[in-house]
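S.K.: The listed protein sequences correspond, in order, to chains A and B.
For the first sequence, the residue numbers in numbering that gives the first Met the number 0 are 0 to 211.
For the second sequence, the residue numbers in numbering that gives the first Met the number 0 are 0 to 241.
Hints in this document: simulated from the structure, not taken from any laboratory.
Fair warning: there could be bad hints in the mix.
Pulled a few chain A residues facing chain B out of the computed Cβ check, cut under 7 Å [what the hints assert, rightly or not]:
hint	residue
1	VAL27
2	SER54
3	ARG55
4	PHE57
5	ILE61
6	TYR62
7	GLU77
8	GLY83
9	GLN85
10	LEU110
11	THR161
12	ARG166
13	GLY167
14	VAL168
Ideal Cβ positions, reconstructed from N, Cα and C, are used throughout, including at glycine.
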Amino acid sequence: MSTPRLKIDNLFCERDERVLFEGLCFEVNAGEVIQIEGQNGSGKTTLLRILSGLSRHFEGDIYWQGEHLDNCAQAYRESLLYFGHQPGVKAVLTPRENLQWYASLHPEMDLTKLDYALVKVGLKGYEDVPCHTLSAGQNRRVSLARLYLSRAPLWILDEPFTAIDKRGVAEKEALITTHAQEGGTVILTTHHELAMGDKIRRLNLDQLAGTL
Amino acid sequence: MNDSVPNQSTEESMVHVYKVDGPFWGALKRDLLLSYRRKSDLVNPLIFFLMVATLFPLGVSPDPTFLADVAPGVVWVAALLATLLSMDSMFRSDFEDGTLEQILLSPQPLYLVVLAKVLAHWMLTGLPLTLLAPVLGVMLFLPAEGMGGLVLSLLLGTPTLSLIGAIGAALTVGLRKGGVLISLLVLPLYIPVLIFGSAAVQGAVTGLPLGGYLAILGAMLSLGLVMAPLAIGAALRISVSG
């Protein structure tokens, strides 16, 4: 057996004296898509924030390609694309400026495809319009355009389809499938029914934490 | 340059060569651009600064000899409070729209990004305050000999104020109402800067050598440049983690 890409060992997290999950163990391999399920407040976002390295309110160990996360934080950040609750888009900047700024933070991004990515997320013609004039869905699309630019193997996506229309969701699903086929790993939460069939592995936090 | 080339609608135009900035330059450029597009934030500290200098003679005494005595202190205190006023918003909008998370998840050194953000903040508050200070000096009858000292001490002192203030801003950004707390956290650390800053101006007025005061202000600035970004980075990680 090769080492799993991401290994979560005995993860424990509580919030306001309420245990969100306890003894959570799972492995994620290359080419896998994991959907974290659970009712509202079951800790999906918290788990994703822990996995991305943003939150440190947890006990337990996370290993990235066999190495403890504390020892390879730099390498981990290089291979991670995180899409959070807030899209991370500056309202007074244009989509193009937003993505250019991302590229300065994430040097692995392929900026030559910037125009292509904006066309793909349906923002052709909006490249140089300040983002505060765009709709909520379009703002999230600006951030989702990073998926087309990124070369990071691990994607952590928190509710990526919120406020995205049906066609957009289908396109993103296809993109996620391609990413997994190319050896990438995706961990996501969503309330949409994903039409990916057996390619997707589901992880139910309610069952794991026994809060059902 | 590149922008002047008309956009073709062919497939090739999709592959446009964009320059990728480094983390420092990218963050600096972005913050300057943001302030440029939201100009009201820009003039706020300056108006406050100007108001203090205008109202002080009205409220206390318009007597030129009295004003000349207190001018170094008043200008310095006004500059300090104007900086403090602008501190709270430093990371606030980044925190709210999620870009701060992206900064923290970047593989680029956080030190450089934070330093660029502080530099941008200083260029938009401390630097204009420093340039405006001689005008306030004239309004408060500060003797002409004191002007050099005033500008030099503010030039060395205001970046330190931005650096220290950013630590407080980073610590309180996760709180709903950080405004009061930030003043409590930061004001004690501002006091040494204020003491040596206004003393430098007073020294310049009385014709004393300035070297010592400026050296101490410079030392505080160098210490701040090396240490503060580390503290700011750590504070941001704590705030976002919460």
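S.K.: Now tell me, hint by hint, if it's right for this structure.
M.R.: Verification of the hints:
1. Given hint, VAL27 of chain A at the interface with chain B, is violated; its Cβ is 18 Å from that chain's nearest Cβ, farther than 7 Å.
2. Checking SER54 of chain A against chain B by beta carbon gives a least distance of about 5 Å; that is within 7 Å, so the hint holds.
3. Restraint check, ARG55 of chain A versus chain B: the minimum CB separation of about 5 Å is within 7 Å; hint holds.
4. Because the beta carbon of PHE57 of chain A sits about 10 Å from the nearest beta carbon in chain B, more than 7 Å, this interface hint is broken.
5. Using the Cβ-Cβ criterion of 7 Å, the hint placing ILE61 of chain A at the interface with chain B is not satisfied: the shortest such distance is roughly 15 Å.
6. The beta carbon of TYR62 of chain A comes no nearer than 18 Å to any beta carbon in chain B, farther than 7 Å, and the hint placing it at the interface is violated.
7. Interface restraint check for GLU77 of chain A: the shortest CB-CB distance to chain B comes to about 4 Å, inside 7 Å, so the restraint holds.
8. A least Cβ separation of about 5 Å between GLY83 of chain A and chain B falls short of the 7 Å threshold, and the interface hint therefore holds.
9. About 3 Å separates the beta-carbon of GLN85 of chain A from the nearest beta-carbon of chain B, less than 7 Å, and the hint is met.
10. Using the Cβ-Cβ criterion of 7 Å, the hint placing LEU110 of chain A at the interface with chain B is satisfied: the shortest such distance is roughly 4 Å.
11. For the restraint placing THR161 of chain A at the interface with chain B, the shortest Cβ-Cβ distance is roughly 13 Å, beyond the 7 Å limit, so the hint is violated.
12. This hint is violated: ARG166 of chain A has a C-beta 20 Å from the nearest C-beta of chain B, more than the 7 Å allowed.
13. About 19 Å separates the beta-carbon of GLY167 of chain A from the nearest beta-carbon of chain B, more than 7 Å, and the hint is not met.
14. At about 21 Å, the closest approach between the beta carbon of VAL168 of chain A and any beta carbon in chain B exceeds 7 Å, and the interface hint on this residue is violated.
The earlier numbered hints that this structure contradicts are 1, 4, 5, 6, 11, 12, 13, 14.
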